[in-house]
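Listed below, chain by chain, are the residues.
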Amino acid sequence: MIKFSERQLKIPRMCRPVYLVTGGMSKFGRALPEKRTEELVIDAFTEAARFLNLSPSELKSYIHSAYYGHFADHFGDQLLGEAVIHDRLGLDPLGNVGIKTGGATGGSTLWEAFKAVASGYSDTVLAMGWERMDEVPTDEGNHYIACAADKDWETPLGHIYTGYYAVMAQKYWQVFGKSEDSFRRTMAAIAVKNRGYARFNPHAHGAMKITIEDVINSPVVAHPLNALDCCLMSVGAACAILCDEETAFKLTDTPLRIDVAAGSHTLRPADRRDMEIPLLPNESSDQYKDLGERFPGGDRYPGFTGFLAARMAAYYAYRMAGVVDPTEDLDLVELHDAFTISDIQTYEDIGIRPYGEGRDYVESGDCYHTNPHTGEPGKLPANLSGGLIGNMHAVGATGIMQVIEVAQHIWNRWAEMHGDEKKWQAFGREKPADWKNLQVVGAKRGLAISHAGVGSHVTATILSHPDHQLERRA
Amino acid sequence: MSGRADRGTVKIVNGRYRPSGHFHYIDANTPIYDESGKLWGVTNPRDITHIHTYGGEAPFFEALKDGRLLGTKCENPDCDYVGTTYMPFRIHCPDCLARNTVVDLTKVANSTAVIHSFMVTERTGAFNTLPKPIKFINVEFDGVDTILMGSLAVGDPIIGQAVVPIFKTQDPTFTILDLSWVVKGTDASELPAGFSFG
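In order, the protein sequences belong to chains A and B. Anchor point for the first sequence: position 180 equals 222 in the numbering used here, and the numbering is continuous, going up by one each time. Anchor point for the second sequence: position 30 equals 31 in the numbering used here, and the numbering is continuous, going up by one each time.
It should be emphasised that the hints constitute simulated quantities derived from the structure, not laboratory data. One should not assume that every hint holds.
[What the hints assert, rightly or not] When the alpha-carbon atoms are kept at most 27 Å apart in a straight line, the in silico DSS-like pairs for lysine-lysine are as follows:
#1 K52(A) to K331(A)
#2 K74(B) to K220(A)
#3 K45(A) to K74(B)
The whole structure should be built from the sequences, with the hints applied where relevant.
In structure tokens, the structure reads:
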């Protein structure tokens, strides 16, 4: 049983507040041979500038340093790709740095950008993420992704990352899902929801109108995960501009306060050691005492069923932003739905539901834009962008995409950014006849979770409307 | 492994790498056209042999050919977590960072190993050499604080199932593929070629 010191559990206190003022995204696709990465990056940056009614050069004039998220050099066969992009954006001679934390690269890029502004080093920074996963065939791509596992102990075992993940899914499925058909259907409902929401997102490349049976009958990848339970492999870019308070209010009337925190855990699940569950503000010390009785096999924490890194990211971020109960204090979330089952695991890690009860977030209807049981707005809609399953997983861009999607709801500009016929046409996609405005009415605060590997890195980013800060903020 | 002649090999002489043979092969790139004949890009063939040291983990990989499963244990009396035993093998204690003691866990594995979790898949990435379907298992042992990932060569995986290690004692690869697992009670005649119970 390992423990952590009080110093390690200190809640971060930044030197000054940081705000998100704009963001932009490129088209996302499984393969985009028509564009070089720099073209996708410039597409994202141009959208961010237009969002503020600025030209790209006007927005560039504010930037003091740049933070670039790009995970897999070997996919693009270009080391120091950050220098290429920085030059193509015309941002030399400003300081810039590349950030790599696997699937959490986008979130980690925001984390670094956030600290640069909070520290006073820069007043305005660019956080830009991208990924190019279409320049090798899929099986070579699977090998490359598997290189993010331990090269001596795991990668030679099949060269298939999904497999290293699936053993945790199997454990969760048997312990907390009790191998029930009803739990399997709940997993499938997440895929139906996210691929369905992606239909209303012109950026998305995994849009599908499907049923639970379609998911359950899709090809098995690694039981209990089928093809439609799994996230996409994507190409694309996303960016965000963060500022200090004075600059933020020069650029927009409604900059969003941003807090970012991070956690980590072992690269190999094999190395996880037992510990007590670190508690979130809405949990009590005795509520998990009988977890192993209620769910036999579930008393080993984090074991193979929890993501400690996600728990720690939320542990810090909630207290930084003053969140006590995420379901009450937040209006929407974008979660790292790499797989349907890991989405459920994350509900528990970040306190949307207690450990063992994650499925209720879906089954209650709380996670939907419109609760299918009541017809009323969902209490805490999740992944209205389509998430990684329906929208994209262009690794370095993913965590940034999630934050921009949340922000567009708080800015009350989601319909403008997703419903514009010209954007659908520009991306060569047909806007559905039944396109639906998924704007969360009155959204004031939201959360994005960016997650790497089998839980090696996780960031939690909380956005708050400037007039609706929580009083309990650290 | 490709059939390239004289592919590179390495020896250590006086503590230094001594490579010999070819570590890369050059093939011509090819253009990528669309249907109209317009150029979109090029292929970039690449064939490189990397060199990799096991460093302090070398005893683990070397012992597999002898049918032994080595783990490590923190024996630093000043460590808050003294006595913690690791499988996978960890060179240093993650708490005090002292060098761990190597311990032979072969008997422990043979008598107490059970499946903690598993997965079965037909899908693999490039360079896979395991037969399909691949059965990954995560194995826990009595007195060991971590859970080892491996592959199940014989039998069906079930959580709680007792398993025993098998070792590629003939023609070892000196990789983790020299270690596999079978359900307890498996006959030696059922083992994959080159494997034994040690």
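Structure-based check of all given hints:
Restraint check for K52(A) and K331(A): satisfied, since their Cα atoms lie roughly 25 Å apart, inside the 27 Å limit. At roughly 35 Å between alpha-carbon atoms, K74(B) and K220(A) are farther apart than 27 Å, so this suggested pair is violated. For a cut-off of 27 Å, the pair hint linking K45(A) to K74(B) stands: about 19 Å separates their Cα positions.
Going down the numbered hints, you'll see the structure goes against just number 2.
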